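Working from the sequences, and respecting the hints, build out all of it.
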Amino acid sequence: MSATVLVLLRADVERRPGGDVLHAREAAEAGERLGFRVRVEAGVPGDLRGVDLVHVWNVTRPQDAWAQARAARARGVPVVLTPLHHDLGRYLREGRRGLAGAVARLAGSEEAAEACRRAVLRVVDPAQRGLLRGVPGWAEQRRDLLRWASMATFTCPREERELLRATGLDPGSVPSAVVPTAVPAAPPADPGPARRLAGVPGPFVLCVGRIEDLKNPLGVIDALEPTGLPLVLVGPGNPRHRGYVERLAARTSPGRTVWLGYQPPEMVRSAMAGARVHVLASWAESVGRVTLEAALQGCALVSTTAGYAADLLGDAVLPCDPGDPRSIAAAVTRAWEAGPHPAARGRVMAGLTWDAVGPALARAWQGAMGVREASRRAI
1 MSATVLVLLR
11 ADVERRPGGD
21 VLHAREAAEA
31 GERLGFRVRV
41 EAGVPGDLRG
51 VDLVHVWNVT
61 RPQDAWAQAR
71 AARARGVPVV
81 LTPLHHDLGR
91 YLREGRRGLA
101 GAVARLAGSE
111 EAAEACRRAV
121 LRVVDPAQRG
131 LLRGVPGWAE
141 QRRDLLRWAS
151 MATFTCPREE
161 RELLRATGLD
171 PGSVPSAVVP
181 TAVPAAPPAD
191 PGPARRLAGV
201 PGPFVLCVGR
211 IEDLKNPLGV
221 IDALEPTGLP
231 LVLVGPGNPR
241 HRGYVERLAA
251 RTSPGRTVWL
261 GYQPPEMVRS
271 AMAGARVHVL
281 ASWAESVGRV
291 TLEAALQGCA
301 LVSTTAGYAA
311 DLLGDAVLPC
321 DPGDPRSIAA
331 AVTRAWEAGP
341 HPAARGRVMA
351 GLTWDAVGPA
361 LARAWQGAMG
371 VREASRRAI
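When the letters of the sequence shown are read in order and numbered with my numbering, they come out as residues 1 to 379.
These are computed hints drawn from the structure, not numbers from a lab.
Bear in mind that the values here come from a model prediction, so they are computed numbers and not experimental data.
Glycine residues also receive a C-beta, built at the ideal position from the N, C-alpha and C atoms.
Please note that the accuracy of each hint is not assured.
Computed Cβ-Cβ distance ranges for the label pairs, DEER-style [unchecked claim]:
1. G43 - T252: 30 to 38 Å
2. P184 - R326: 29 to 37 Å
3. R326 - G255: 19 to 27 Å
4. R75 - A185: 35 to 43 Å
5. P175 - G199: 46 to 54 Å
6. D12 - G89: 21 to 29 Å
7. R147 - G35: 23 to 31 Å
8. D355 - T252: 36 to 44 Å
Printed below as a string of structure tokens:
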């Protein structure tokens, strides 16, 4: 009989869709193709009867994954954790805008900033006092998640090393497996629809991602303005970053800097096919699945140094420093002149599609369930 796996998404998935959610949904589909029974739900599960394994995601803001894993642990259901770790330290010090950024800089660390946030919530929202009672801070939640996991899956070995170092856990203390970030295999798309929508008849620089300070699209605009290269941005505005979204909208100009807002997947692929370069200059990133998708559509690739894209793609991706406009401009200009790396698409097709990565995910799920069975036999 095949095992039943419950894949759990963030509770705010409808308000804030993102790459972590898409990754989790695609992992569920890959597991189904490999013979597992898979359910996908958002929030903390109420009923785990008949569930053999729970898979939780994303420790960047770990409160959802922590609550989900705690519920599974209380019912004796093993947990697989995919951390999608990225260090927010520099983002909080340099990239975070508004009051939250000022608090983070004054606090001096993510842990101190989060403690300030919790203290403010207790004052402005009395209902939070009860909800937060007995709930540890984010740093301790991350440690709990790693200690509770029957298996943790990492996109590359460096991600595991950096997360264990950040949480103060010993190397080798967490059962783990490498399951790289993956995307569906996709044939080359038609660039025409996106070029017509953007009003840009020829190739352009593309930046796909939510419009928010973490993704740094204003930094890309600042960097590329002196180059004269046409820039197209695709992605929804983060409703919590209204001021940032308004500032970006004010910087657009027809044919030069174009923001298309949210677009369905087929239009995103068209935009990637129409672009010469895709740039992701986030202050913090895991891999950035859009970089892999852009490789499949024949883009030259530029990605932040605050992420793991180069661990997966090697020299097929050019690095840029998200805090240095000259670094972003130089990497994009170099990519524009050189064109796509000849090995980029092949590297994604060979090792970073779900057809290639799915078996590693299946082994991780089976390994986590094997840990539970071994524990039962030892009792």
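Going down the list of hints, with the structure as the test:
Restraint check, G43 to T252: a C-beta distance of roughly 36 Å satisfies the suggested window 30 to 38 Å. Restraint check, P184 to R326: a C-beta distance of roughly 36 Å satisfies the suggested window 29 to 37 Å. The beta-carbon spacing between R326 and G255, approximately 25 Å, falls within the hinted interval of 19 to 27 Å. The hinted window of 35 to 43 Å between R75 and A185 holds, with their beta carbons roughly 37 Å apart.
Under the hint 46 to 54 Å, the C-beta atoms of P175 and G199, about 52 Å apart, fit the expected range. Distance hint for D12 and G89: a CB-CB separation of about 24 Å, consistent with the stated range 21 to 29 Å. At about 30 Å, the CB distance of R147 to G35 agrees with the hint of 23 to 31 Å. A C-beta distance of roughly 38 Å is found between D355 and T252, which places it inside the suggested range of 36 to 44 Å.
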